[in-house]
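Q: Here the protein sequences come in this chain order: A and B. Using UniProt numbering, read the first sequence as starting at 1 and increasing by one per residue. Using UniProt numbering, read the second sequence as starting at 1 and increasing by one per residue.
None of these hints come from the bench; they were simulated from the model. Please read these numbers as outputs of a predicted model, since none were measured by experiment. Don't be surprised by glycine CBs; every beta carbon is placed ideally from N, CA and C.
With beta-carbon atoms standing in for the labels, derived distance ranges:
#1 A:Thr130 - B:Phe43: 52 to 62 Å
#2 A:Phe239 - B:Lys664: 52 to 62 Å
#3 B:Trp526 - A:Leu47: 54 to 64 Å
#4 A:Leu134 - B:Ile779: 27 to 37 Å
#5 A:Leu201 - B:Ser428: 44 to 54 Å
#6 B:Tyr645 - A:Leu47: 54 to 64 Å
Interface residues of chain A toward chain B, partial, derived using beta-carbon atoms under 8 Å:
#7 Gly120
#8 Ile122
#9 Gly125
#10 Phe166
#11 Pro200
#12 Leu201
#13 Asp202
Straight-line Cα separation of at most 35 Å, DSBU-like style, residue types lysine-lysine; simulated pairs:
#14 B:Lys343 - B:Lys116
#15 A:Lys92 - B:Lys592
#16 B:Lys593 - A:Lys101
#17 A:Lys243 - B:Lys592
#18 B:Lys198 - B:Lys129
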Amino acid sequence: MKANATTSSVKSSAEPKPEPEPEAEISPSSPSISALEALSVHLISGLGLGLALLLANNVYSVNLVSHPSLTLLLISVIECPIVILLYSRHRKNREECSYLKAVGRGLLGLPVGALVISLGAIALGAPVGTRYFLTTINWSLLMSLFTIVPAVSVFGSSWKDWQRIFAHTNCRPIGSLDFMICLPAHGAIIGAWLGAWPMPLDWERPWQEWPICVSYGAMAGYLVALVVSFSLILVWARFEHVKRD
Amino acid sequence: MEVWWRSPKWEQIRVFFLILLLHGVAILIFTRGFLLTRTELPFYSHCSDLSQSPCFSSSSSSSSSSSPNSSRCWTKPVIDRVVIIVLDALRFDFVAPSTFFEVSKPWMDKLRVIQKLASERGSSARIFKAIADPPTTSLQRLKGLTTGGLPTFIDVGNSFGAPAIVEDNFIHQLVQNGKRVVMMGDDTWTQLFPNHFKKSYPYPSFNVKDLHTVDNGCIDHLLPTLYQDDWDVLIAHFLGVDHAGHIFGVDSGPMIEKLEQYNLVLEKVIEVLESQSGPGGLHENTFLLVMGDHGQTLHGDHGGGSPEEVETSIFAMNFKKSPFSIPPEFDPSSGGHNLDGKKMYISSIQQLDFAVTLSSLLGVPFPFGSIGCVNADLYALGSGTLNSEGTNLEKCQHQSELEQWKQNYVNVLCINSWQVKRYIDVYSASSLIGFSHEDLLQIADVYAQAEKSWSNTTKKLFLDQNECSDSLLPALKMQIDLYVNFLTSVAELARSKWTEFNLKMMGTGFSIMFVSLLIHLLSIKWVAKQYGASFTCGDSGILLGLIVACFVVVIRASSFLSNSYILEEGKVANFLLATTGIFKLRYAILRKKMLLEAVVFLLLITFCRFTIEIGLSKQAVTSQFLNAYPSWMMSMVSQFPAWMYIAEVVPMLVLILLSYLLYKTISNSCFVGIWKYVIMGTILSYMLIAVHWASESGTWSLALVSYGIGRNCIPRMIYGIGLGQLSLLAFSQLFNKDKGLDHSKSLVVKTVGMLSALSSVVILLSGKQGPLVALASIIGGCCIMRLGNMVNEAKDSMSDPLAIDPLPVTQWNLLAACMFFCTGHWCAFDGLRYGAAFIGFDEFILIRQAIFLTIDTFGFSHILPIFALPFLVARQNMLSQKQFILMRLSQVYLMYGLITATTVTVTMLCVTIHRRHLMVWGLFAPKFVFDIVGLILTDVFICLASLFYFGRVEKEVLQNPSTEK
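Bound conformation, chain B alone (with noise of 0.2 Å):
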């Protein structure tokens, strides 16, 4: 008895198990590098949570614990109200003096208020340098400022599909304790935060050619909201400025006619909150902030970590009269002078610290899930009058102010260093990639020196309430700078973690693909050398069909280096099949053969490209990137209501006429047994598609069926009857029974079974559009298969038998692409057919969803093309000898497999150069990860192909070779 991996079946297919080895492996190293992801983590922090920390629930010292101020929670509020205006895409030179930049441009100095308000009152307005992590696209950066985290291109978390933030942030823990939230401008807010706000105001942003939509409409509800009282904090959000970038430039007339209008509403906003400051007043402790939620480039992008795109700015300012300044030792800040050369501070702040001061300022926990730390010029600005409310100032003349606010400042790092560490450790015991093990020590370590600090200078603290020693404040900036840096090296962890490509990953990765493409490309030739063929022969068509198919492919990889091709990349697949098509028909014409064959050819492609068009006017609607296209077809269908109803009986014609092709194919001698009751089972599925569509279809009141049994019911028995055709497939192969029938006929029988037994639930999933498409997919597939047999038919004379044409082949890869696209499928996960996953089931369960919205997405792409490829040999030579089939047949799949790989390879290599792209994340990422997926399922698919179809044909060759010959 021989060992298994010595078998002639498994020396057959092993190659195939190799390369889905090698290509699993090369995906999950560059993955590893390139698709940063994290764990969203369905935790909330709350009030009461603070007992569990060793710090003091009240900002001041356990003496005034009982404090009347029962609504205290984590910090002290110290303001009442925020205004925070977002202006989009704000670059950091906008807001500062030009004379903080080597060479003063335009748009410069076009914010003045700004300026004049930083310069001349220092100790309550101030502007920040505030640096972004990318990805710098406006909903990373609103989720990021909002949660305090780094949030990544794929955040794993329970929001399927859906923009919304499950994760705990700012907006949700102003809710929770009673703040009234007023947003205006941007409807991105609306979509991360649908039912948190009191009152909204949002305008649709996707427009980008309109500047002023979002804007004015801002404008016109902030002047009005300011002077009313029923909210806490309110946001506007303004998007002229991005606009401006995006469609001009920021060395642009309609910039600086943004910036100088902003200039106005900025002023205006600040005179009304000026005037109601005082004692008693609407305003009177109100902080205003005015901030870029990312920057720009020079021509308008984002999305990148240049500079440029990641600097952008704050601007704070406190309403409250206040004699307090900012110490100067807690000053990191660069000095400057402003226009008129008074002396002027721009501090600097990271984004990632955004939510949690503005949480300390008003007094609300922390998100659960930030990361930021406390940053101390804005928590100054924001609490410079604590003091005067201080219970002990009278108890100690000496204590100066700065002490007790130093004081309320460790106590608020001690709440955040607690809050970021009980982070980290939930984190790591719940997520799946988590930190390092040598990463958390290190932390940990950090963390128990801060915190034994701490409890040191807590005694200091309780001696100090009755006599003031000078012993204090060096001990309370030792504890500060414990804590700070604590919380900065875990937000270096977290930013090697979630924010920096690996290159090093990502290039090995590349190299083990690119190592597999070889090995694919030896192993051809290995195939047909093993059989003592040669790959390339001398015959004039072969050799042309091999260049063309080269030709085509290398195109259609090197397409995908650039983002446009990729948008449109059915219509560039479809331009490439019509171009092989074309190829045929000139083929045909010299050998006067099949001419009708290359004709019908090219009119399905035509057909193919006009629904590849309706399913790129879908896309248009929500992608950001590719402009609405004047659809004529889809007015076309709104004009005509007998429209409505064609599409309702034509999907159920083609199913029928599938089926009696089917019963055609069964009525032939050579399926007997198992195979005709395989088939017979799919055309009772196809005739239960049909009745589960008419009885959803309201036209057709079907009384035999009820609605609700109906719903659920057929497509269950269809999952059945499939489910039960595949067994009895995989029965017959473990069983196999003597059949007298000539080998590629055998073939021919089997792929015929195995298909039918798949088509069925992918027509069901793929809804009212399967059954044109799979009529469409056997017409396409029959032409290919007959354009490519009269290449053979021409050349058995002159030359080699064994060699193989590829063209046929990549006309087959490139239908396969052409049908995802036909589908109404994108390579987006907006594109997703979600509906899909529901078929059958009401219920949400994740593996069978998902499995559900895979075959969907990828059945008539992917599934179908592969089990049908033994088609492209079967017919070729009838009467050939068995091992020259299975010869064909692997070198088919070999080519097929190449072709696949080869795309990916490129795709891999594109988004390793477009890493830093402003379009990275929305669309060479999803165009990523849908190859891959693509290419995983077709070395998958492909193994169990030759699975299938090598299985028992090898045995018998072994079995009786002389016969053969």
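Looking at chain A on its own, in the form it has when it is part of the complex (with noise of 0.2 Å):
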């Protein structure tokens, strides 16, 4: 049934547009942000990681191999609203789209991106089972909002700029908001799959314990490409700078 859920949500997002072509085009609409904006957006999100994990810790007392389940909720429920207010404010085709509508739209993302996630995390072999239900639902509403939902917020359902962020192979980004949007999620998924490679090993150590390693991977790889992304828009935005001169 849920798998079913999967393919109708795949293809209804790609039945919108008929015929896009697979190179990806500039979109004229494509916002550029400021190199100050860039830094502001990478380090609140950098820094509310932080800040939620230290107060899990310090406030509540809980940590991930003590708690994971709840910690990862508190985590997520403090990345909540940071990721997307935040990316909201970024938000493509600002004249058909309100603030409020990306809002909207990226709250409406974070379930939806969870369930995808949570299937592919399946797929890859994560345990199933009521002992298991709660932490993987709480994980993978972590990891929708490190991949899914900022994109959701930024470009709502447009296919032809999801498929550019996620699906393009040498991920040619046309602007700083794809650097911000298309790193940290690769980097977040790519993190989540090493992290997963310690839990077969039998050092019976309790982080070994699905999903803590994997979460472990995921803020690690998050983390990074946040410090990547930003340097790329640096770098980036002086090569433009140098080419329009």
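Once you've looked at the hints, go ahead and assemble the two chains, each given alone in its own frame, into the complex.
A: Right under this line is the structure:
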């Protein structure tokens, strides 16, 4: 049943534009943001994550190893408004789409993205069962915040943009905004993928449980990708500047 | 007429044969160095055998051969009862006083009672340092202790799967000679000796986390049994120290608690034995042995050959009061002081010598395959009282006790040497891989020398009956030295043969394997170059596919370096397959094509993943390394009885679906003549399989098929149809009829025909899961093929049509690996489904059953995927030219072979690195065996497939190359 949902969701998102070009084109309304704005977005989302971890550890005295599910939920709750509000400010097609609408679609994208991600995780071998149900949901909410929600807030259901951001093999972003969405999302996914590798080892450490090391991997990947994306934005801005001159 | 090796067909496929040859040689050499094998001989020693030996049948001189004791067998029994207390994983430093070591550690000096007795009663109690031989795992050690041999990883014998010892052994000899054996503790003993014990109290040993069940069970039964008189040999096997080591390590509280507990138990045991040891008491002539089967490292691991693992201990104590003390010149032991500063001795013994020494003490025949030597110190401890019964003490007043003891010992060694020589001769004659000729000659030489001296000494002994001379002692000593020399050289030879890896051979094998990988790579390039295509091209899709494929293969290969990933290999393969699936989905989103296929593929992988987990939970039941999985699926199955009914019906429905699919394919126009008949045969087979299953399960009351006939008749019919189809295909291959089909279509027809011919037998042997797995393979294969085509279609316009995407081949390989685990197999010998070997046949014929077992094990993971590989090529470009298809086909086969060979090469590297690892025999070696068998099968099937698929098409290419262009 869930599987059908993914199929249809993928399909429905595919339907609106019947014949898109495989090659990405430079869309005229692609917003470009200044380096300062980019810095603030990166800093706030990175700091938000750090703050959430600190808060969970010191105020609620839970951490990923002891209470994985609760901690993940806590991080998601703190990160959710930050990401949605932050990225909605940089929405595309500002004239058609109000700020509230962007926030709304971001909120809508959160559970849908979580569903897609949890299905992917189950295909990759995430444990299934009542014991893991809540943990998996909370984990995929967090992953959704890292990957899907920013893109939903910014692009909505524009298939062409989605293709460009997530499917292009030689990721050819055409603006600093693209870097900002594409790189952290890929970073989080690759980090989570790598984070799954220690799980089968027989070290018998508590953090080898699902989804603790995967979450650590995802967060580390996300943070690294934030740094990379910011430096790339700086380089790219200079490059553009030189070219314009 | 061209010579055969220059014919174009041969040119195409010779590379496959070359690779098969290289792999075969590499694996043969590597295996000779790594997998030590020994043949178990089905011979047993008997009391009457001794008449063939040159030795005296009784312990004293020939004059007393008319002894009234008729039960006397090979040696004169000197003890009546034995209590053997085995403490698993008993390190030497648990027993020996800490003064024997440089530093005193917290776990030392805990078994105080042993140390006290050993220092206070040097003549009747003694600590031995016992040296075990690797592999130091309990099962192998118990086997070694009781058979007196050197068990290897593969003891070729007739115990097919069951661990029971079929070789001659100490326990068997005890039972044969009327001794009553009682066992308590570790249930490995009852597995090894299923019907030998008069009474047994086994406790499960595989739960490592449980420190107390086995020990408490032992203690409960041990003390009451000591008061009973209905046994002769008592074995109590304690496991706590081993388990405590595995979980907490040696330097831990639980370990010390365990040792202190054992100290108390031993005190009580000795107290009871002591109290009954008076004349006429229950334990008047009882021998106590407290021993370890192997040592352990500080982390609690064992299995390898490091000193910590092989050094264990034996404490022996004789309860018969004896004035006789061991002659000092026999003492090779290291002297030392105990904690109170008293002098004490610790002797040394090889574990190999245990069985034969104890046999000689109890007076039973030595196990046939024993290569140990009767240990002088341990024998002296047991037999110290012998001389008081000596008959000729009065005859010769001058003859010292020592002399007589030595005479006795020489005779025992004589029997011992004769028995070992007999074993070596029989073994060399009957084993395929025996000892080398020079070694045998040398051994025979040493034995002949000892024998010659023996006949001289014997004469002297005869002379000495009446007059005592001083020259006797040196002669006896020389004789003992000669025998010991012979026995140690045999043991040394056996060790080099059965316990030492031959690193040079392993290195050579590995290097050849590595070279074969390079040849593989080069030949992929060569094939492409022959047709004027470059292997890699600028197209981003292919390049990225190549990178991903290499990445996945390298990751999967390197995961074999760790035992954890080998245990969960199915999950790892599935994880990687899912990763490539997600990658493909990404590509599908980019192209906006075949999204459905990509999603179906991912769903299929999810399905595989659950079946793999069911297989893992089955494995966890028997595996000692894998933790039990909380399997919610198993509990679900048991909860709903309706599930059972569904499990009966679904396979049949799927079978019908499969037949329908086949029917639809033959209604396609391109299936004509012979192919049509082949596929009709398969449909018939499927129907027969359905009937067979229906008649087997009781729920379907089929009046038509009577049970007795149906059970064996239908499977045999299916085998017959399968063989018929194959011969039909081979026939059509030989006498090629002209067909007006285009080549990729004819390739498809051939592939479908071949697969359908093979599938029925594979499905039948796989049991009820067969049709489901077959359907899953078809769907998976379809998805991979179509997704692979997407890349090619996308790039036709812009780049080289000859470039081939390695990603689908990699996926194919991963899917095949997943199918291996989906069908409930795993890389261990208890994972083989022996039941499959007996479908259709009740009696056991080794070759036939081995073939069935191979088909069942490798059917879905090797045979079918390899023969199905042309699908990846055939559909790619329907109108492409013939030689392009051939080139692609050979490239695909080369890539597939390369991927398999890469993983096997890494497995070889892994077993070389981990050859002293704790799990080398439990985990790495079975994985290695499965991998090499898989590789050789892959190579053989690739060769067969290349013969089948390449044969005709190539000839046509030669005949009319112009029409192609």
